[in-house]
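Peer 1: Make a model of the complete structure from these sequences and hints.
Number of protein chains: 2
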Amino acid sequence: MSNSFCGLSSQGGAREVLIARRLYVGLVHYPVYNKRSERIASAITSFDLHDLSRLAKTYGVRRFFVIIPLRDQQKLAERIIKHWTEGYGAVYNAFRKEALELISVFSSLEECISIISENEGSNPVLIATDASRRIARGLSYVEARKMVDSGQPLFVLFGTAWGLDEEILKRADYLLDPIESDAGYNHLSVRSAAAIILDRLAGKATS
Amino acid sequence: MSNSFCGLSSQGGAREVLIARRLYVGLVHYPVYNKRSERIASAITSFDLHDLSRLAKTYGVRRFFVIIPLRDQQKLAERIIKHWTEGYGAVYNAFRKEALELISVFSSLEECISIISENEGSNPVLIATDASRRIARGLSYVEARKMVDSGQPLFVLFGTAWGLDEEILKRADYLLDPIESDAGYNHLSVRSAAAIILDRLAGKATS
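Residue numbers (my numbering), protein chains in the order written: chain G, 4 to 210; chain V, 4 to 210.
It should be emphasised that the hints constitute simulated quantities derived from the structure, not laboratory data. Predicted, not measured: the structure shown is a model, and the values here were computed from it. Virtual Cβ for every residue (Gly too), placed ideally from N, Cα, C. Watch out, some of these pointers could steer you wrong.
Stated by the list, open to error - Label pairs and their calculated CB-CB ranges: (1) G/Asn189 <-> V/Glu114: 29 to 37 Å; (2) V/Asp176 <-> G/Glu114: 22 to 30 Å; (3) G/Ser117 <-> V/Lys149: 44 to 52 Å.
Peer 2: Listed below in structure tokens is the structure:
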């Protein structure tokens, strides 16, 4: 199983040597908040699957988990993935195929954690992202980057809709500092947040 | 005109003092390349308008120009913007209104440059982004960040579709280094690229 599971080992032996990081990303569709702070399951967004899988491929993420318990939404995600990995999309754009192949769709966070544990031999450290700053279990980007570079298995979780439910935040080992700006505006899309966070955690040192 | 033009001065006097940068962003729909390296005009994408305007607001960008000469596509962009700044969207989500208000739609790069020059009193330095590394006029992130911090007017251009046409690259003063990664995969969406680049150029120092 590990060969088909780990994108890096199945696709680029030479690259694997370079990338010691054992980084996993999860896009959570349930449980998340809606605008009225109610717990909901959000719908699959095709742009999220494309943008986040391309980011995952760029930053050497081992697997990009989409977490959604609704069967019809799982089927929709799987149909999109199949189009780009086996259907016409795979012929039309091989780079997109390479990215979308990193996606796995699961019903729950716990299932993803089991898969990572099985693959890595130990449970991943769970890092949740949130637009609010938390004092307890807060994690700076410098600290997070050190953890990535150390090669320990990490699972970074992003929330769709109005963000990760408190249940996930409580379950997490760390809560990554929010992306703050001088302008005081803190309302990025999950696609933008994931891009910025993955670059801060695993991007090449800026030069 | 300058009051309604400059998002920062019209909306947040207190913030303006903090943000010395005079940064402008352009999303180019023409001239760009298609997959076969032909010059085309690309279609408006609603996700681009939302994601990039929210990024612009986050990083204190003064105006986000959408450059598209096709009249029907201009109308589409304007309809989307109006929905979120004056229509139901403005009531539904005031944060989205604040972001979308930063967008202006123009037919050509030259028109945008004129507007910036009029607003800032001098021509902006043109920085084009591209997924390939260029030797002539190449600009590192460290150098670009210094230019942003110096407060000189800068206009950063992003290409849709398969990227900015050579005509734009030749017109630019600088070509920003590509976003490179250890994994050797260089195929991000323009949304992801804009997020990463704006964070590198104007994000808070990582701590």
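Peer 1: Could you check the structure against the hints above and give me the numbers of any it violates, in ascending order?
Peer 2: 2
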